[in-house]
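These protein sequences, in sequence, are chains U and C.
Just so we're aligned, residue 37 is where the first sequence starts under my numbering, counting upward by one.
Just so we're aligned, residue 37 is where the second sequence starts under my numbering, counting upward by one.
Hints were generated in silico from the structure; no laboratory data involved.
Hints may contain errors.
[Unchecked claim] Cross-link-like lysine to aspartate or glutamate pairs, in silico, EDC-like; alpha carbons within 20 Å at most:
(1) U:Lys140 to C:Asp66
(2) U:Lys140 to U:Asp155
(3) C:Lys140 to U:Asp66
(4) C:Lys140 to C:Asp268
Number of protein chains: 2
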Amino acid sequence: MTTLAAITAAAERVRGAVRRTPLLNAPLLDRIAGRRIWVKAECLQVTGSFKARGGWSAVSSLPPDTPGVLAMSSGNHAQGVAWAAAAHGMEAVIVMPADAPQVKIANTRAYGAEVVLYDRATENREALAARLSAERGLVLIPPYDHPEVIAGQGTTGLEIAEQAAETGIDAADVLVCCGGGGLSAGIAVALEAAAPTFRVRTVEPSGFDDMARSLASGTRMRNNAATGSICDAILTPTPGQMTLPLLHDRAGPGLSVSDDEALRAMALAFHHLRVVAEPGGAVALAAALFRDDLPDQVICTLSGGNVDPALLTGALAATPA
Amino acid sequence: MTTLAAITAAAERVRGAVRRTPLLNAPLLDRIAGRRIWVKAECLQVTGSFKARGGWSAVSSLPPDTPGVLAMSSGNHAQGVAWAAAAHGMEAVIVMPADAPQVKIANTRAYGAEVVLYDRATENREALAARLSAERGLVLIPPYDHPEVIAGQGTTGLEIAEQAAETGIDAADVLVCCGGGGLSAGIAVALEAAAPTFRVRTVEPSGFDDMARSLASGTRMRNNAATGSICDAILTPTPGQMTLPLLHDRAGPGLSVSDDEALRAMALAFHHLRVVAEPGGAVALAAALFRDDLPDQVICTLSGGNVDPALLTGALAATPA
């Protein structure tokens, strides 16, 4: 189980490599929401998402003679692992679907990784990764079900606790964009020790609320569909084996928002916070803005900003300041 | 003359009110530029620009029984003064042209200010302001030629010095977006004491390089035109009486960039830093990206993010990641 000690150790390892992202706030955004909203802007993190934390934490915990690392991801985890491996002088192989966005493939290569493309229709990703790992001695870094990945994401929670104290926030719900639950679980463990009056609430896309249902039932529930939301970064089929128990003991009831609410949150983040959010990174802000059953003060993660410009352009046209 | 002591005193007054904005950097942006670029992201400042610093510094230095403050501005200075006055429980009257962007008028009102509109063609702004000031005892806060405004903007320089030390940057050119010169002069005074190996370079739109020419000649030169660049926030006719002497003794030669370069910098800031920049706030980043005659490492201000979404959308369409 991930502990505060593991998160504190990860925080030591990531120091100087990942960024202490700001806790943003905007009076005009608060007015729209009818509550005080603080935004932990992980879209400003190196590589554009919190995944740089978990990537660095995992890579830096490996023996220095590790031949290299391997990850399966079409997006933010790919970039986080590629960047961290390069900085450690370690080879990185990223298995990506051939139809992944060209810009994400190009960025992953730009961070120095070898990208191995596969055909989603005809090839088995796990078998391909297992073969590469065996042949070349590469260590697999999973996107969330890994102790050092969860510990790395948890460093976000330590910063939230510090920044809340600096800002005079003594209690709040902390809304976290949730896919497999690595970021949510890491923050929950960190806050339990560092800010026990804070409570994590996971936020997912409507129809893909496997974590909310799993938290309610106590067992790992699955989504009915694998696609069908613009929030691509957080469409995982089911909670992690490690993340659900951590969250079940610590988080409040899960929340969900519609794709349209995520788009409106992206537009309002642009207008009032001047940051770029991707849909899956904006769901927690959307809940903070549009859900009624929340306290007067909330903190939310804005967890990634690797967005197709056309998608944000459409959101801006639909949502004036 | 603005001194380090005045800036340090301003830093004490603005503490807890304005934000210590992050110093951002992106490996893929560095690759495009061919040099290391650090970005002081004042677009993430409260009210969306560094003008919150000067506004708060000036308002907080007034006697508490001051009836109110007055500013003439169609943009960022208006919002900075309106926000600061409201937080001090002080009335704010902002004289704005009737054809200013509706969103800037609406935001200035949303911060609690009384907006007095005038017709650029038929009314004299200075006479209107003088009458309002006399009738209602309002204190005028100029946009740059004011000691406490310059001292407030100079707090940006203290933060740059601190953050550069934390990051291990021991020498750099510091490129600053320049209109009347308040931000440039404040930063120059702060760095002279706090980071003497750093040198300020002003950056202006091509054709509106009154500061660059004034630095070269030693006297206040004027621009030939009042309009004709998209960089509306920094199209001042001539350097300030206070700012030019401060800069003449401290800054290197001034730089300038084209509107197209400013637009490309806005798009690259979106893609790689995930922040929203306005044209006048992006000129220093444009110089960092596109000028050849600069050192291997530069720091630049990204000084504001209050942009018309359509303008950024066009920039994104023209400049891929």
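Here is what the structure says about each hint:
| no. | hint | verdict |
| --- | --- | --- |
| 1 | U:Lys140 to C:Asp66 | holds, 18 Å |
| 2 | U:Lys140 to U:Asp155 | holds, 16 Å |
| 3 | C:Lys140 to U:Asp66 | holds, 18 Å |
| 4 | C:Lys140 to C:Asp268 | holds, 13 Å |
Comparing the model with each numbered hint stated earlier shows that all of them hold.
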